[in-house]
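*Asks:* So you can see what is in the structure, the chains are spelled out below.
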Amino acid sequence: MALSPKVQEILSWYESDNPGTKANLARILMHGRLGGTGKVVILPVDQGFEHGPARSFATNPPAYDPHYHFELALEAGLNAYAAPLGMLEMGAAKYAGALPLILKVNSSNSLSRLKDNANQAVTSGVKDALRLGCAGIGFTIYPGSDASFDMLEELRELTLEAKSYGLATVVWSYPRGGNLSKEGETAVDVCAYAAHMAALMGATIIKVKPPMAHIELAEAKKVYDQMDIDTSTLAARTRHVMQTVFDGKRVVVFSGGDAKGAEGLLEDIQGLADGGASGSIVGRNAFRRPKAEALDLLDKILSIYEKAAA
Amino acid sequence: MALSPKVQEILSWYESDNPGTKANLARILMHGRLGGTGKVVILPVDQGFEHGPARSFATNPPAYDPHYHFELALEAGLNAYAAPLGMLEMGAAKYAGALPLILKVNSSNSLSRLKDNANQAVTSGVKDALRLGCAGIGFTIYPGSDASFDMLEELRELTLEAKSYGLATVVWSYPRGGNLSKEGETAVDVCAYAAHMAALMGATIIKVKPPMAHIELAEAKKVYDQMDIDTSTLAARTRHVMQTVFDGKRVVVFSGGDAKGAEGLLEDIQGLADGGASGSIVGRNAFRRPKAEALDLLDKILSIYEKAAA
Amino acid sequence: MALSPKVQEILSWYESDNPGTKANLARILMHGRLGGTGKVVILPVDQGFEHGPARSFATNPPAYDPHYHFELALEAGLNAYAAPLGMLEMGAAKYAGALPLILKVNSSNSLSRLKDNANQAVTSGVKDALRLGCAGIGFTIYPGSDASFDMLEELRELTLEAKSYGLATVVWSYPRGGNLSKEGETAVDVCAYAAHMAALMGATIIKVKPPMAHIELAEAKKVYDQMDIDTSTLAARTRHVMQTVFDGKRVVVFSGGDAKGAEGLLEDIQGLADGGASGSIVGRNAFRRPKAEALDLLDKILSIYEKAAA
Amino acid sequence: MALSPKVQEILSWYESDNPGTKANLARILMHGRLGGTGKVVILPVDQGFEHGPARSFATNPPAYDPHYHFELALEAGLNAYAAPLGMLEMGAAKYAGALPLILKVNSSNSLSRLKDNANQAVTSGVKDALRLGCAGIGFTIYPGSDASFDMLEELRELTLEAKSYGLATVVWSYPRGGNLSKEGETAVDVCAYAAHMAALMGATIIKVKPPMAHIELAEAKKVYDQMDIDTSTLAARTRHVMQTVFDGKRVVVFSGGDAKGAEGLLEDIQGLADGGASGSIVGRNAFRRPKAEALDLLDKILSIYEKAAA
Amino acid sequence: MALSPKVQEILSWYESDNPGTKANLARILMHGRLGGTGKVVILPVDQGFEHGPARSFATNPPAYDPHYHFELALEAGLNAYAAPLGMLEMGAAKYAGALPLILKVNSSNSLSRLKDNANQAVTSGVKDALRLGCAGIGFTIYPGSDASFDMLEELRELTLEAKSYGLATVVWSYPRGGNLSKEGETAVDVCAYAAHMAALMGATIIKVKPPMAHIELAEAKKVYDQMDIDTSTLAARTRHVMQTVFDGKRVVVFSGGDAKGAEGLLEDIQGLADGGASGSIVGRNAFRRPKAEALDLLDKILSIYEKAAA
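First to last, the sequence lines map onto chains A, B, C, D and E. The numbering of the first sequence is the working numbering, which starts it at 1 and goes up by one. The numbering of the second sequence is the working numbering, which starts it at 1 and goes up by one. The numbering of the third sequence is the working numbering, which starts it at 1 and goes up by one. The numbering of the fourth sequence is the working numbering, which starts it at 1 and goes up by one. The numbering of the fifth sequence is the working numbering, which starts it at 1 and goes up by one.
Chain copies aren't distinguished; within one or between two, either way the pair holds.
Below, simulated BS3-like cross-link-like pairs (lysine-lysine); rule was C-alpha separation at most 30 angstroms, straight line:
#1 Lys222 with Lys291
#2 Lys307 with Lys94
#3 Lys94 with Lys249
#4 Lys307 with Lys249
#5 Lys291 with Lys94
#6 Lys127 with Lys163
Worth flagging that the hints you see were computed from the coordinates, not collected in a lab.
Chain A on its own, in the form it takes in the complex (with noise of 0.2 angstroms):
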């Protein structure tokens, strides 16, 4: 189907990249309700591999099966659907082109004792995503983790085999370890920063937690301060970071950090909105609910960001 003004505009901003690239972007862009419109939300399921599956799909048991969170991103109309190894090998043929893949290539676990150089392992990679029909693949980096140069280094050298090959890459940049405190790792300095990082990387789509009115740094603190940088709301703030990401030209998903009630969800994911955000990556609060009332919030999200484009 023709591409949208709209999403030919976004393609534009990714001028060194082939045309593979840019038709897994495009491919994303174009699904679901919000195809056409450039406005994104992805269903990330890694949360299994993060937190145990017990904490992830206990409270909704269908969600146990992998073929589950398939159906959820196709009956929602979401863009896009990302996950482990292991998840998308179990409905990858099943549900061979029926909406884009992200293969999540890295990822943590709860096991781990690893706090100031928190890190992940390198899961799968790139011809894991060519073979299971992926437009693209995820990686998260810590900045500030006594790490993350390493795990710079390891998204340096799958973002260039990505694009040879045609892919796009999703990098979720999530600060924490080293000297930050745990209210730093939201700071709208240290969001900002976060995006801006990944950016720099490569990144054709990033992904950060919604940036708190908190400021961490103190030499970025005076910057703030002296240039009366707006962070007193969540839209100012959200504006502020996709600022950041080259002036807007890049796409930024937000998390919808841990789960809370639908309400604060929803009035969040709108200050995203107002704020100029690319979209919402919405994970545990859909899938750890029952299916009707995931779909039904899911609906009223997407409605948000549709508003937001008309």
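Dock chains B, C, D and E against the given chain A, drawing on the hints supplied.
*Replies:* Frame of chain A, contents of chains B, C, D and E only:
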């Protein structure tokens, strides 16, 4: 979008292929007006290479511009567009993700005098297909030619590589050369043999010419006579060809043959459709006509297959 | 220096190439007296390989020294200088960065008796071009030769490698061999076919001979007659050739043909310019003359293209 | 354009490099307002990675857009623009061939707490530089850091690869970590040592900080005292640093240090120029100012070097 | 020139090396004033890396220029010149073939604070040595250092690669780090152990410090006492060291140690020569002196070895 039951059934025939190859086949089968029906109409534009630019485009000069063919395939609602490297390089970025592309990776040309040992040059490859965002590669074999074993060996290497990266392989199986008579090139026994050979080579999609009533091979003729195989109509012969590709369990598209009147072409296509053909591949008959006329003709062709699928 | 709008337009035609290849094409298009006009005149010195040294340089002995040709191209203000390995190796350091170089990576020679299966030897490669600081590689194909498929396959591999490293590919498309008559080698239909074939192979710049009025192929002649394609003047024939390279969206330079009087050459070049040629590639007509005379002739050639671009 | 005698002399110092590397060095030396003088001013924009986006761009918001920096370098007439992957990917196609680019292939960031073992992550590579059409790669080493041997080994591999492909290597040699005091990082003996070390590693262009009067190492102090080495003025210290890079036979550019008043910066640059510096690398002092102001400052800097070269 | 019987004998000790490595060892042994005698004096200039430029060159400023050292080695008639990458890159072309070069492929520096785990960075490699026309590579190991196993493993890989390409390997075996006392670094037992270890690693030429009378290791001391090994004079200790390298069947050169008066140095060298040393490696004692003085000193050193060989 969720796969139709028909497409799911077709994918089930390709049980040894990885999800990537299935996804690319699904993309072709789910795209355009015939999307989901299991029927396929493809626009191939390799005639510039095969017969020279003037013979290909002079009757409809806008067709000299590669973008024209992307637009034609999109507007007509075809399933895919196939062309050699240069044609796709000029358009793959502008139309990234807009429609499934097939990179024709070998080509012949009318300046070559090779006849008995008719051959083609490999002019691009799997890595090109990936960087251009294609759903598959296309490759021509000339069963019967003294060069056919070389061509089959080239195909085998490209197929293995393509499948490992999740691409589909479309095989143009056009008997010629060696001891084959001109009539024999489209003889029903030879055509069926060519389709079967492509299936045996692991082709995802097979392209052959419409089978004629003539039977070329003496040993074959005995069997056709003995078993009283019906070759009386194009529909009957098509049914026979479809049977030879694993009892109909491969996608086979038929070319329209040499340019002729629209009526004759539509009659042929009705015959093919009646015989259970998966679809048609319509090149010269489309792009050598003025666009409005071409769209009209393609509309009629699609309608025939829509009815056949209903 | 900022790119001219004309050069930006030309670069936009190469939408699938990476920025490296675009940059090298831009270097050629922005260099010398025609820099920025979109017109191109290139000095090729491969005749020593093709016809032997005495036939190439005896009429102007300073031309035996490779440095002579770097100087000639610089003084005349040409866009680029193309030559085989040895010629570039002796000069590439002294003139490093002074002008765009094109490494001619295959060559034929007059000692070979191959005619019907005319061929060239691959004499250098992409890695050589990079270590010598070249903007691109040059490669000759002989459409029509019984060896043409082998040549196309060599070109395909070199093009893929060159593009991956950001180099441009210049294709000399010179029909000969097989069943082609001597007159047919420059027939307008064959010349247009050769240009189209190079474009389909993914050439960045195409070099063909000026098309003559003769039409070689019977099947083509029908179309030229039927469509009343104007082949009455060199300008008309050039216009036709330019149309066959993606509706004029590739850079095509024309050789000056066999050495002849300066007047005849300038007349031809005026015809080419009138027909919309991107430019000329002038070898023997330049370096076989005494330098002052050569500079005078090149000055006139550049003036023709300057006027054509105005 | 023919190389100036000064640039030819500089190229002669790089006698072991292949013509490709010389050509890329020549491109940098022949570009912009200082082209041909042997002097060099480079715009580096890696501060977003190093210090975060707000600290880098908030004072001049148009600088959030990567295209801004290409334009700034072009308008000011600088010799080259250096930045990390993402910054160059967004602009390398639009500005293809317009100015020499240097891909900064490693980067640190302020979220890392590594101090004694200060390090950087390798974030891109030689293949990226080639596909983006860069003239060279840039790499930072931290002499003194406990991680410095690892960094030198990474540099050694990248340099070998870059040189084999004809690229230049620019080394940021910034002592820090280990036992170095804060004052020691810019001590004249340490600065000279850092420059010398980069030269020994095979750097094409060396970047160091302006040397201060302090002497850090006790063993070195004895020699400076004994030989009465003049370290009284910035010019004298710069002269000493230039001597330590093979008796002035390498290109050395000096950073402007921490952002400060324009007057202080110009005074420093006058001192550097008086001491025979090859030039300056001016980042934050340029892009954190409004464009008009930045252009005015850069104009003054270029004028200082123009006079020094006269 | 025909190999002398002495050199033929020496080559016969390296029976497992390929002819290429033997040829490069022969080149070193046949070059300069000691050519053919089996004695060797080498000029090493890696002190700029090890101790910084001012400490190395300020007492004799012409030595800042890398060409100076090529000239010094040539004029003095030494066997070979050894230095890190940058020093050789600036001169390897000008002096191509004029004298045997040894590329020092790892280096330490005084800014590093590593002590117990003293280490060096690998700063160049075998491919560099080949492209620069070197006869061999040089590598330092620190037996005793906590990093020594890593260094031995690096050496093993480089040695294998060097030998496969026909290069010689020169090993600087300098005990330090770990539990070694300062005195122990040059203790006769440790020095002999270090020489033996280098021989066991497959070194072509071994470099150690002159052995002192001290014995470091308690277990070793028992044996030295029990067997009444003569360690009373430098000659006796040298004889012992030579015995430990396969009964004298490896080439071992001794450093001059820290700079001291010319007289003391010559006395040491007389002792080494009397003890059967293959020769000396004289760096700082040569290039830190004014050239005339250095040539005079080297003349005396060469005379000592000439007499020893007679």
